[in-house]
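**Student:** Letter by letter, the chains look like this.
Number of protein chains: 2
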Amino acid sequence: MFDCVAVVGATGAVGLEFLALLEQRGLPAKKVRLLASARSAGKRIPLKGNELTVEELGPDSFNGVDLAFFSAGGGISKQYAPIAAAAGCVVVDNSSAFRMDPATPLVVPEVNPEDVKAHKGVIANPNCSTIIMVVPVWPLHRANPVKRMVVSTYQAASGAGQAAMNELEQQTRDVLDGKPAQPKLMPFQYAFNLFSHNSDLYENGYNTEEMKMVNETRKMFHTEAINIAATCVRVPVMRAHSESINLEFTNPITPDEVRAILKDAPGVKIVDQRSPQHFPMPIEASGQDDVLVGRIRQDISRNDNRGIEMFIAGDQLRKGAALNGIQIAELL
Amino acid sequence: MFDCVAVVGATGAVGLEFLALLEQRGLPAKKVRLLASARSAGKRIPLKGNELTVEELGPDSFNGVDLAFFSAGGGISKQYAPIAAAAGCVVVDNSSAFRMDPATPLVVPEVNPEDVKAHKGVIANPNCSTIIMVVPVWPLHRANPVKRMVVSTYQAASGAGQAAMNELEQQTRDVLDGKPAQPKLMPFQYAFNLFSHNSDLYENGYNTEEMKMVNETRKMFHTEAINIAATCVRVPVMRAHSESINLEFTNPITPDEVRAILKDAPGVKIVDQRSPQHFPMPIEASGQDDVLVGRIRQDISRNDNRGIEMFIAGDQLRKGAALNGIQIAELL
Chain A
0 MFDCVAVVGA TGAVGLEFLA LLEQRGLPAK KVRLLASARS AGKRIPLKGN
50 ELTVEELGPD SFNGVDLAFF SAGGGISKQY APIAAAAGCV VVDNSSAFRM
100 DPATPLVVPE VNPEDVKAHK GVIANPNCST IIMVVPVWPL HRANPVKRMV
150 VSTYQAASGA GQAAMNELEQ QTRDVLDGKP AQPKLMPFQY AFNLFSHNSD
200 LYENGYNTEE MKMVNETRKM FHTEAINIAA TCVRVPVMRA HSESINLEFT
250 NPITPDEVRA ILKDAPGVKI VDQRSPQHFP MPIEASGQDD VLVGRIRQDI
300 SRNDNRGIEM FIAGDQLRKG AALNGIQIAE LL
Chain B
0 MFDCVAVVGA TGAVGLEFLA LLEQRGLPAK KVRLLASARS AGKRIPLKGN
50 ELTVEELGPD SFNGVDLAFF SAGGGISKQY APIAAAAGCV VVDNSSAFRM
100 DPATPLVVPE VNPEDVKAHK GVIANPNCST IIMVVPVWPL HRANPVKRMV
150 VSTYQAASGA GQAAMNELEQ QTRDVLDGKP AQPKLMPFQY AFNLFSHNSD
200 LYENGYNTEE MKMVNETRKM FHTEAINIAA TCVRVPVMRA HSESINLEFT
250 NPITPDEVRA ILKDAPGVKI VDQRSPQHFP MPIEASGQDD VLVGRIRQDI
300 SRNDNRGIEM FIAGDQLRKG AALNGIQIAE LL
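Residue numbers (numbering that gives the first Met the number 0), protein chains in the order written: chain A, 0 to 331; chain B, 0 to 331.
Check before you lean on any hint, since a few could be wrong.
If several chains are the same, the list does not tell them apart, and a pair holds so long as it fits within one copy or across any two.
Claimed, not checked - Derived pair list, reagent style DMTMM-like, types lysine to aspartate or glutamate, alpha-carbon separation capped at 20 Å:
#	residue 1	residue 2
1	Lys178	Glu283
2	Lys183	Glu283
3	Lys178	Glu168
4	Lys29	Glu329
5	Lys146	Glu247
6	Lys146	Asp303
7	Lys29	Asp2
8	Lys116	Asp65
By construction, these hints were calculated from the structure, which means they are not laboratory data.
Extracted from the complex, chain A is given alone in its bound form (with noise of 0.2 Å):
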């Protein structure tokens, strides 16, 4: 039983998710308090019957609090993360910030969940993008080691919280009406359209998104001998990440032995029906705690059934982020 439990950034998308969990959960906290901006203070949230008042974040936050959620950007974290940690609260940090710090336990509960105990008072949350691809290839990389993946993402508004959606809708409304598109927090125009990743990029021309694909998965997978080439696209889906994934694994492979892997892995739901046709979508992981993964096929590109292409969505706000931050939380 946690005494007190803090979200930082209760008011954004992710804070919200994380809010609506832990009613839906029943994490053991006595008390939960709110924490955001000075914008966002004195907001009030309903909560388990009650309403929290959202109070502004500040140096004095942590006291008393011992576990607490940050989803309110890296620097945040990077500012108050320590703060939380010396004031000896557990911190889940959803936020980049720590993720690549080796002093940091990077998790995902079906993944790695032993590392958790080395934690020193802050635990990553990873990637979005990263945490959906991780929980349906973990278990098919523990029975036959992953050597290679492509991967092509179809990231949802979501990711870049709750204004990139309100953009996507209005933008939407806009160009139905045939108006302008206005983008403002996305690059370019979002609404029936779909572009590169805006995260910055890295001098090989892969962008930051991309980037954490392959480096968070080496660290959570304990191993550099995984190779991963991602390319991350914004598409005009409001929630839940898909990814098309392409996997080379170092012995033979069939689509059924990955079915019968995959049937009972924890976080996984397949759906791969042929006829009628149903696969992973979107609009059906939105809301839902599992990766639904499919169209498991043999990668016909090679001649040595060491290839696998599939097809998965995960709801990039709950399993994505802030189920994760809670499952990391019920592991302590």
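Following the hints, position chain B against chain A.
**Tutor:** Okay, now just chain B, sitting in the frame of chain A:
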């Protein structure tokens, strides 16, 4: 100079695009006849300052016609293309009916223009996803043979015709109004959602659209030695398909070499600006003749420098269908 050019399926999205291009490029034809089903017969369509009346397609439609562009589905092509050819007309067929027929050339003018010569009355236009892919891949393949490709598509509503574009628009309006989306032509909600391309599945789990990308590419490249694994997905974009392409070459190759080859390649426009980021997008590909190519980078999942990744976008109605047909006619 053609005496008479007929457009079969003149009222469809591709047919109308064909007429727009005919006007724009000034294909030398003394007369243009518009053919469609009984339902569309009598409709009037403007062309070069005149109005043409749509005639009902029938067995006698091709007397005196020397070139016919078919885009009314495989069933119509199977039934009427042989009749047209027997009447002395050259058919450029946009359906899949004859594409893999060994006696029918399958042509993208930037790739295999010389194959046109072998026609016996029918020349097939490849599938739109295939056309858009092969335009940039062919010049690379000529310089350094492509051994294997992994492709994931982001296909627009236009690929399923005007009715699908209308359905995406109507569903989006309904969802924004809080009403349920009503899939009619499409098997699932299309608004703010995506789903696996709803063409029939083969035994191997790949769908028809995906196998077209494999088989049509091999036919046009005149090699069985190119291996392709494709995942085809419909995204809620109105027009222009995008594709994430991972290429494995026979010999080492650098992104700079790829850019140098593509800079002068016909039908290709490099859109690969890293700061500020500007890469291929469907809204910018729409209405354009060229296939936009960007995100050109060395595949970091390989250690032999034989891998390249890129992201492309091309107008499915234009280069993916009508423009390619016009270009074939121009070869004649």
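**Student:** Compare the structure with each hint and give your call.
**Tutor:** To see whether the hints hold, each was checked on the structure:
1. Lys178 - Glu283: This pair counts as between: shortest inter-copy Cα distance 17 Å, intra-copy 31 Å.
2. Lys183 - Glu283: For Lys183 and Glu283, only the inter-copy Cα distance (18 Å) is at most 20 Å; the intra-copy one is 28 Å.
3. Lys178 - Glu168: Intra 13 Å, inter 15 Å, cutoff 20 Å: intra and inter.
4. Lys29 - Glu329: Within one copy, since 15 Å is at most 20 Å while 77 Å is not.
5. Lys146 - Glu247: both (6 Å within a copy, 16 Å between copies)
6. Lys146 - Asp303: For Lys146 and Asp303, both the intra-copy (14 Å) and inter-copy (15 Å) Cα distances are at most 20 Å.
7. Lys29 - Asp2: within (5 Å within a copy, 85 Å between copies)
8. Lys116 - Asp65: Within one copy only: 16 Å inside, 77 Å across.
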